[in-house]
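Novice: For the record, the sequence lines run as chains U and Y.
Under the numbering used here, think of the first position of the first sequence as 876, with each following residue one higher.
Under the numbering used here, think of the first position of the second sequence as 283, with each following residue one higher.
Simulated from the structure, these hints should not be mistaken for lab results.
The reader is advised that the hints may include incorrect statements.
Said to hold, decoys possible - Cross-link-like lysine to aspartate or glutamate pairs, in silico, DMTMM-like; alpha carbons within 25 Å at most:
no. : chain 1 : residue 1 : chain 2 : residue 2
1   : Y       : 339       : U       : 970
2   : U       : 943       : Y       : 380
3   : U       : 944       : Y       : 380
Remember, it's a predicted structure, so these values are computed and weren't measured experimentally.
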Amino acid sequence: AQSVTQLGSHVSVSEGALVLLRCNYSSSVPPYLFWYVQYPNQGLQLLLKYTSAATLVKGINGFEAEFKKSETSFHLTKPSAHMSDAAEYFCAVSDPGGATNKLIFGTGTLLAVQP
Amino acid sequence: KAGVTQTPRYLIKTRGQQVTLSCSPISGHRSVSWYQQTPGQGLQFLFEYFSETQRNKGNFPGRFSGRQFSNSRSEMNVSTLELGDSALYLCASSLGQDGNTIYFGEGSWLTVV
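Whole structure, please, built from the sequences with the hints as guidance.
Specialist: Written as structure tokens, this is what we have:
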């Protein structure tokens, strides 16, 4: 069965510092992978997705993620944190060819950005 | 174009009652999925509808049901509400094909008292 593990339920960085949010997946086949962001009292907004094209995926707001099959990882990074990046981030996986849009989510990482 | 629209945004119900939540997908999207988000269980998949047919179902009791109409709008119903059903219910839509981007609505906040 597919699963997603997000290491670190809370991450705190200083404004301007590197953001690194970790995501590892478990899947019998290379999955589709997604990062979503959730601001307080809002729904989920897609940051980026990997669907077996380029392994380095660039998303919105300066975020990017690299798919590493050997490490079963899809970590999210941003070179320089901004105060507006404070939010909860979710990594998710879906089964390619599964004729479904079902997403399996990680438990989320709450990012705090200190001034 | 308009995003995924969910109504109502907030509601309070009493234990034992039932509730119906509505979701209007992005125009042209044929797949609608529902998720439950709680602090304890996180984001959990409820079910997905595609062209009025349930295509996939999560591990929730039969009290949770849904349907999709010919215009792709969807409703989910929870009967005999329990305190533990208090959650944010998120609707998501997509074109429904492999690898399509899945867009989420703002959610419906349900409180059961």
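Novice: Are the Cα atoms of residue 944 (chain U) and residue 380 (chain Y) separated by 25 Å or less?
Specialist: With Cα atoms ~20 Å apart, residue 944 (chain U) and residue 380 (chain Y) stay inside 25 Å; holds.
Novice: With the threshold set at 25 Å, check whether the alpha-carbon distance from residue 339 (chain Y) to residue 970 (chain U) stays at or below it.
Specialist: Given pair residue 339 (chain Y), residue 970 (chain U) holds - Cα atoms ~14 Å apart, limit 25 Å.
Novice: Holds or violated: residue 943 (chain U) with residue 380 (chain Y), Cα cutoff 25 Å?
Specialist: holds (21 Å)
Checked against the numbered hints listed earlier, the structure breaks none of them; every hint is satisfied.
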